[in-house]
Every structure is written in C-alpha cells, then in structure tokens.
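Residue numbers (the numbering used here), protein chains in the order written: chain A, 10 to 236; chain B, 10 to 236.
Check before you lean on any hint, since a few could be wrong.
Since the list can't tell identical chains apart, any single copy or any two copies may satisfy a pair.
[As the list claims (entries may be wrong)] No more than 20 angstroms apart at the CA atoms, straight line, and that leaves these computed lysine to any residue pairs for SDA-like:
id, residue 1, residue 2
1, K54, V20
2, K61, G96
3, K22, E182
4, K75, R167
5, K149, G79
6, K149, F19
7, K193, D169
8, K149, E24
9, K193, V171
10, K185, D168
11, K192, D168
12, K163, E182
13, K192, L59
14, K185, L170
15, K112, N147
Since the hints were made in silico from the structure, they are not lab data.
Protein chains: 2
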Amino acid sequence: MIDVVMVPCFVVKDETVVVVDVLRATSTIVTALANGAREVVPVKKVEDALAKRSKNTLVCGERNAKKLEGFDLGNSPLEYKSEVVSGKTIVLTTTNGTQVIEKIEGNSIIAASFLNVSAVVEYLKEKESITIACAGTNGKFSLEDFLLAGMIVKRLERDDLVDGALVAKRYFESVKSVREEIKKHSSHARRLIFFGFEKDIDFCLREDLFGVVPVLIDGAFILREVR
Amino acid sequence: MIDVVMVPCFVVKDETVVVVDVLRATSTIVTALANGAREVVPVKKVEDALAKRSKNTLVCGERNAKKLEGFDLGNSPLEYKSEVVSGKTIVLTTTNGTQVIEKIEGNSIIAASFLNVSAVVEYLKEKESITIACAGTNGKFSLEDFLLAGMIVKRLERDDLVDGALVAKRYFESVKSVREEIKKHSSHARRLIFFGFEKDIDFCLREDLFGVVPVLIDGAFILREVR
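Same shape as in the complex, but just chain A (with noise of 0.2 angstroms):
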C-alpha cells in the first residue's frame, strides 16, 4: 500500500516513510549530503540546535523563512557547498521539516525532494509499504509537497494506493509544467520569492541533481548511495 498523508498532526507509521519539504528543508538536507556532510541532524528547537554546537558542527535553519542569530547557515540549499559542509555534521532546525520528524516511526525513514527524485523512486521499488508524509507550511497544506508525492506515486506504478496517494497521482497528473505550477500557485513558494529567495526554489525544483538518498538512523540523516 502507498498513502499520502498531509500535514500529519497524528504519529505517521509504516514501513518505509518519505518525508517532503521541498521548500525548503528535504532540499537542503539532501543537498548538504550530497556535497559531503557527514551527517544531517534534524532538531526541533532553536535552542536544542546552539547547544550540540562542537568542533565539526555547523548549526543551522532558519524561522519564518530567516536565518537564525549565532547559526552558521540558513536554510537555503544554496549555501550547503562542498567546501562549506563537507565532512560536517549539520544541525538543522526549521519551521515546518524538521518539525514533522518527531512524528514518524518507521523501519525506514528517507528524506525526498525534487533534487533526489529517482534516487527515491529506486529505492522504494523494493518497499511493500509505504507513506510519503508531507511537511506543509504552518500546519498547513503546501501544494509543491503533495506534486512531488504525486510525481513518486505515479512513478512506481503500483494499483494499491490509499485515498492520498491517489490524489496526489491525480493532482500530479492533471499539472503540466511543475515548475512553473509551484511559481505561480504555491503560497509557501510566493512567500519565499516575497523574502528574495527565488534562486532557492529554482535550485529545489531541479530534478535529479543528486543520486542519493538520505536515510535517518539514529536520529540523523546519512547518505545511502543508490547508484
């Protein structure tokens, strides 16, 4: 079975579950590890971030869209550089991401963005069961996550889909430019043009950029190469 759940207020728990925020924290995440961090540890609080500050970390996220005071970097998938992250431990706190994975249990947990897409999709072709958990922005429904759940949906092909990810399927369907869908229609993404990030959402709206696919284990996301 694959399903879709939006904003999940509830504890989401299936074998394998996916977790979007495409704006713009599975993006960043994705990309950090993909430039060489060593690992991606999501936080909730701002506070909990500045206090696992060590040699090799760099505490990072933002609030409201903004970078946060004493933090090394924002959330912008852009500053996540080889010559900036490689081999560090990145401590991430944002509003929306990082805030939905205390509310995941599973046997496998992976990070999905535009960016890592195929990877993704490869890698959940062996799973039996499956939920893609959309982030949304402030408790609310984001559209670029619910395109890009329909976009895995409808690349693995599969009949045994719950309500949302037939949905999604649909709605994914039924969009025939993604990018300029998620310019033109997602609040979030409007917002983030508003604050001068434009540059970010073209960056997370590229697909394939990076065959990777982060794992969380033990309360970190790793790198799982995938081809």
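Starting from the known structure of chain A, fit chain B onto it as the hints suggest.
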C-alpha cells in the same frame, strides 16, 4: 480567499467554515434537517449524547460505522425519514464528522454534502473568506470529502485559491464520474460497502436532493432555507 484543509488538527478559523463529511455525518445532518428535524446537536462523546436524552430528542450516531447500544438511530441518512425526525432534536455523535466541529471557529459554520451542494454554493457566493474543512476518516484523508470540496471550489469560479483549494479543484476536474471515483477508490466507501452500507453511499452521492443549508448556531445545526 478560499482554502481547503484536510483532517484539521489545529483550530480552523475563518469568516466562513464549511464542514464536509460526505460519508456520512454531514449527509445525515442535511437529511435530518431537510426532513423536518428541529435541530442537530453534534456532540463528541457517546456518554454526552446519552446524557442529552429528553422528550422530543433522538440520540443518534455511530462508532466504527455501527449504531450504538441505547441509541435511537445510527448514522445512516436513510433512517432520518420525516415520520421519524420531524420536530425532533437530533443529538449526533460520530467517529469523524462531529469530532471536527469543536476544532472550528467562524462567523458562519455550515454543513455541506453532495445532497445540498448547489444550496451551499449559493450560500457561499456572498462570502469573502472561506475554509472548507474536510473531516477525513480516523485522522486520515478521505477522497470523497476532498472531491466535494473541489466541486464547491470549481462552482464558485474564483481566482483567490489557497493551495488546498487549488489542488481540490484540479482533482475534481480530473474525475470523470464522481460516483465511480468514490465507490471504486475511497477506502472509507469500500469499508462501508463491506459493512453493508452501499445504499447509504448511493444516497449520499445524489446531488441536490435538498435545497437547504445547515448553519451551526449556539452548538446546534439549524435549517436555513436558500431557495
């Protein structure tokens, strides 16, 4: 602005909030009032429903789709005939629909179903800011609620759609037959059919059987004639 939220886990606040639980709470509320019930009082707990028993009151509802012990009626709209409900106060507790209501705040709160969709659309035409709150099933997304939400959004012909409303509209536009979509693909519909409630589903999917809009005032849905 129009928004559609699914399985609200936070308090939903808007000028106008439309509650949707197609299978079957809002269909039952609409039917009861159209057939002459004085009011429908949604309550959360079974014991609270039983405590409200008095003259001219029917205690109604379900858990796990089934009528409860000591209750007068279940949650099948077909039970709510004129000769049974006329002039009565209906106290209703259901697994999903009546649970959502306490999480809603608005100047106007109304109940929508396929049975009264045109009356609802007519009512909403004068409203500026609208949130359609889909009840879902056991905390999960139900496609029948989202499909009705999409139908309402489509018929309102407005451009100020927030993410959820846009996706619901796109989903509705992608569906050729509402009846077939729901009976074939809704997990909740399939479960109700398994429990022997297929006639309920056929009834709940009839469009515009009633030209009424139930409005929540002081904790009770009452009738507002629209045409």
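Fill in: Those earlier numbered hints the structure runs against, lowest number first
3, 4, 5 and 13
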